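*Asks:* Residues per chain, in single letters:
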Amino acid sequence: MGHDKQVVFMATGSLKRTGFGALPMLVLFVLLLVSLYFLSDATDNSEHFGQMYSVLLVINAASLVLLGALVVANIFTLIRQRRINAAGARMTSRLVVMFVVLSIVPVSVVYYFSLQFLHRGIDSWFDVRIEAGLDDALNLSRAALDVKLHDVLNVTIRMAEELSSEPAATLPLTLYDHRVRSGAAELTLIGGDGRIVASSLSGLTEIIPNQPPSEMLVLMRNRQHYIGLDPIGDSGLYVRALVPVLSSRSDSEVYTLQALYEVSERFSELAEGVQSAYTRYNELAYLRTPLKFSYTLTLSIVLVLSLLAAIWAAFHSARRLVAPVRDLAEATHAVAEGDYSKRLAIASDDELGFLARSFNDMTRRLAKSRQEAVRGRQQIEGQRAYLEAVLANLSSGVISMGADTVLRAVNRSAQKNLDIDVKRYLGRKLSELAADHVFLKPFVEVIMRHHEQGDASWQEEVSLLGKHGRLMLMCRGTVLEATGKRGGGLVLVFDDVTALIQAQRDAAWGEVAQRLAHEIKNPLTPIQLSAERLRRRYLQRMDADEAEVLDRSTRTIVNQVDAMKKMVNAFSEYARVPQLNLRFMDINQLVREVLDLYRSSELNTCIRENLAAGKLCVEGDSGRLRQLLHNLLKNALEAVRETPDSCITVTTRSVTAGGLEQVELCIDDNGPGIEQGVLENIFEPYVSTKPKGSGLGMAIVKKIIEEHGGTITAGTNDAGGAQIMIRLMLVADSENETKDDQQASVHDAGL
Amino acid sequence: MFNQHRLTGLLPAVAVTGLSRYLVILLVLACCLPVPVSAADTGLFQLEDAHTWRTAEGDFLGAQFEILLSSGAEEAVKNGVPLVFEFQVQVVKKNTWIWDSVEIEHVLYRELRYHALSESYQVRDVSAVSQGNYRRLDDALRAAGSIEKLLLSGRVLDSGLNYEIRLRGSLDIESLPTPVRLIAYVSSAWDMTSKWFSWPLVR
Chain A
472 MGHDKQVVFM
482 ATGSLKRTGF
492 GALPMLVLFV
502 LLLVSLYFLS
512 DATDNSEHFG
522 QMYSVLLVIN
532 AASLVLLGAL
542 VVANIFTLIR
552 QRRINAAGAR
562 MTSRLVVMFV
572 VLSIVPVSVV
582 YYFSLQFLHR
592 GIDSWFDVRI
602 EAGLDDALNL
612 SRAALDVKLH
622 DVLNVTIRMA
632 EELSSEPAAT
642 LPLTLYDHRV
652 RSGAAELTLI
662 GGDGRIVASS
672 LSGLTEIIPN
682 QPPSEMLVLM
692 RNRQHYIGLD
702 PIGDSGLYVR
712 ALVPVLSSRS
722 DSEVYTLQAL
732 YEVSERFSEL
742 AEGVQSAYTR
752 YNELAYLRTP
762 LKFSYTLTLS
772 IVLVLSLLAA
782 IWAAFHSARR
792 LVAPVRDLAE
802 ATHAVAEGDY
812 SKRLAIASDD
822 ELGFLARSFN
832 DMTRRLAKSR
842 QEAVRGRQQI
852 EGQRAYLEAV
862 LANLSSGVIS
872 MGADTVLRAV
882 NRSAQKNLDI
892 DVKRYLGRKL
902 SELAADHVFL
912 KPFVEVIMRH
922 HEQGDASWQE
932 EVSLLGKHGR
942 LMLMCRGTVL
952 EATGKRGGGL
962 VLVFDDVTAL
972 IQAQRDAAWG
982 EVAQRLAHEI
992 KNPLTPIQLS
1002 AERLRRRYLQ
1012 RMDADEAEVL
1022 DRSTRTIVNQ
1032 VDAMKKMVNA
1042 FSEYARVPQL
1052 NLRFMDINQL
1062 VREVLDLYRS
1072 SELNTCIREN
1082 LAAGKLCVEG
1092 DSGRLRQLLH
1102 NLLKNALEAV
1112 RETPDSCITV
1122 TTRSVTAGGL
1132 EQVELCIDDN
1142 GPGIEQGVLE
1152 NIFEPYVSTK
1162 PKGSGLGMAI
1172 VKKIIEEHGG
1182 TITAGTNDAG
1192 GAQIMIRLML
1202 VADSENETKD
1212 DQQASVHDAG
1222 L
Chain B
121 MFNQHRLTGL
131 LPAVAVTGLS
141 RYLVILLVLA
151 CCLPVPVSAA
161 DTGLFQLEDA
171 HTWRTAEGDF
181 LGAQFEILLS
191 SGAEEAVKNG
201 VPLVFEFQVQ
211 VVKKNTWIWD
221 SVEIEHVLYR
231 ELRYHALSES
241 YQVRDVSAVS
251 QGNYRRLDDA
261 LRAAGSIEKL
271 LLSGRVLDSG
281 LNYEIRLRGS
291 LDIESLPTPV
301 RLIAYVSSAW
311 DMTSKWFSWP
321 LVR
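Just so you know, the protein sequences line up as chains A and B, in that order. Our numbering puts the first sequence at residues 472 to 1222. Our numbering puts the second sequence at residues 121 to 323.
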């Protein structure tokens, strides 16, 4: 349940993704608005912010660049999210586009009309009539002044003429007189090099006369007059007149008389008013285009700021709106992928909050259901594993198949009992098993027959001839009830009862043999003795013919009784409870000893020995095993009696079967071999191909091998002759010696 | 005691410009606004003559700048827009190991405006409150670019150190009316700034 705490936080995540929170952006907008207000005021060339215009412009531009970068970053982020198909990216795009369109349209309309009004408003400041009026006013002022200027010039010329004859010593006094008489504010006599020769000033504070500009002095050198209006600092308007003073003396230099006449205060004020208005109007007219540009620029900055702010706000709002939906989409995707631990934070009590709450309930229930399903599956798996373990360890073979006889399950014992890889046929029809393995045909036929008959439960013994001889299977079939889509199938349980039946048969034969021996052997001796007595008593007394009949009859009785005795002894031998004297012995040595006996006799049969190198030790009764070899060799010799170039080969070797080390002893001959009918029951009592055989030889051989815990099989070799193969447990050589010594010491002690 | 040094082979120094000015230029260029300026229609602001001399009162500077207005600027003046010329004079102490330091700096402002009633141009020394009226614009500009006698330092400079005089003149765009300023920043017609001229102060 640790994952239950994994909660998707909606709003904070979106804010972090945006890069700026709402509060900092709000502060930025307010600062920008203040800056824009200052800029707007500065555009008006106001005293307050006029000097800060450039700085304000740069601040606003930088802010716009910053805001633009933020918007561009948001756009790029959104594009990247759309490319990777991030949850909510498409909805955010749609909302942003919608918001932007909704904001751009009205802002653009307002911008357009504001611009129109602004330009028209500025244009309305200017009027041709006003301009003409101002020009007229200025010209009127000039005309009014021109009269005064003309009068003043005449007065100054007259003064210059009077001064021309004045001696230099009286010039200051003369200038004073002239200034007083003419009403001039200042009279100055200037030399040719620009120095002041004499002057007379009306003001008490002024002690230095006003110097004419150098250009005027140049004019004077050419003996020209100058009259003009001169605004002098804060003193107002003055009329400046410059007239050359032509001296009567030929050697004297040419002076220039400068006269400054103060324009009356009233006239000066009016003229300045006209001048100021004219200048201001002209300046404004000149600034009309730049002013429009400045206002347009300011308005454009406001527009761009508004648009960028609207776009950013669109991003911010869209993300906030989409965040719950995006989180829900992500959580749904996680649930679809099997992660039921996702929980949504319930940020509001509206429909989205209700949706988040419902989603959380759903995932909680899904998680619970999945846990229960997992637990149930684990239980089923456990039960199945347990059942498989039980079936695998059953000694009975179990095969289950569907109603269509397709194999569905098989256990280990089934493969062992049938000695084939049955698992290879899982999912295939049962008939394919019989097609690939012919010896299983009876087995399959029995099953199919009961299946077709619809037997609910049946039991039948099936006899198969497998690779290792007769195989007896006890089969029990049960029809399974149909469940769901699956139709009723069949469970087949079968046991390998070959050994059990064989043991029962052997026991029955032993019982029969024992009874036969007991019941037959007892009367044989009196019969033989009686026949011999008849022979002794009556043979001498009878004539030759009768004596011959008696002799033949009694001999026949005695011979037949002997034969019956041998047969009874053989039965007795077969039925005898073994009294084995087990010792560790070398099979190779035993084989050599037995074969030596046969080589010494005059036999037309070649006996070969193909023995493994070294010792092949087994724990066995040497006498019984010797009898076994004799029986087998006799059988082989009898089998090859009619065979030219007859040959018997005895082979020993060490083999590993079923993980056990075993000694294999094979006796092969090149005789006619064993007929198929006989081969099936060759180890059964009274099964013999020999006319005079008791039929117990091979049965006894088998009994001896079983007494030693070995196996014996009969078959046909490559040469077409018979092959008897015996396998006994191999005992390690060193172990043999030790045990042999111990047993020898025990036997010695027993003696 | 009179020691006069006339300029020969003035050395241009690194131009010092305001950051805000370039930012405004960039901004306006970014707005792609059409600025009606032709390449030939440019003003001129260059140093014509400069000299220093020493008296008992101290070191003095005299200089004459040649100022020519572009047609745009001239039109602005004739329409009543006042122009302010700025003259920067620096006495720089030369240091061997560290950067040079400005010991003394004078900034002079001359205002040129047209007086419509008298049809004359007025040149006013803003700091000295002196004024001259000129019938012709050339005379007014010459008067505006003239520094007749500027006292560099009221104290005697250390004779053991090397000093350098640096001088530059320019049209003060920030003094223009606000609407004109934007255009003036980006228009070469209004770009009237002389190079920095420097020469050693010989005593």
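Hints are computed from structural coordinates only; laboratory data are not their basis. Honestly, I wouldn't trust all of these hints.
[As the list claims (entries may be wrong)] Here are the simulated lysine to any residue pairs, SDA-like style, with alpha carbons at most 25 Å apart:
id: 1; chain 1: A; residue 1: Lys1105; chain 2: A; residue 2: Ala1128
id: 2; chain 1: B; residue 1: Lys198; chain 2: A; residue 2: Thr760
id: 3; chain 1: B; residue 1: Lys198; chain 2: A; residue 2: Pro577
id: 4; chain 1: B; residue 1: Lys198; chain 2: A; residue 2: Asn1075
id: 5; chain 1: B; residue 1: Lys198; chain 2: B; residue 2: Ser308
id: 6; chain 1: A; residue 1: Lys763; chain 2: A; residue 2: Lys887
Here the structure is a predicted model, which means the values were calculated and not measured.
*Asks:* Taking the hints in turn, state whether each one holds.
*Replies:* Here is what the structure says about each hint:
1. A:Lys1105 with A:Ala1128: Given pair lysine 1105 of chain A, alanine 1128 of chain A is violated - Cα atoms ~29 Å apart, limit 25 Å.
2. B:Lys198 with A:Thr760: holds, 16 Å
3. B:Lys198 with A:Pro577: violated, 43 Å
4. B:Lys198 with A:Asn1075: The given pair, whose Cα atoms are some 157 Å apart, is violated under the 25 Å limit.
5. B:Lys198 with B:Ser308: Cα-Cα ~19 Å, so holds.
6. A:Lys763 with A:Lys887: violated, 107 Å
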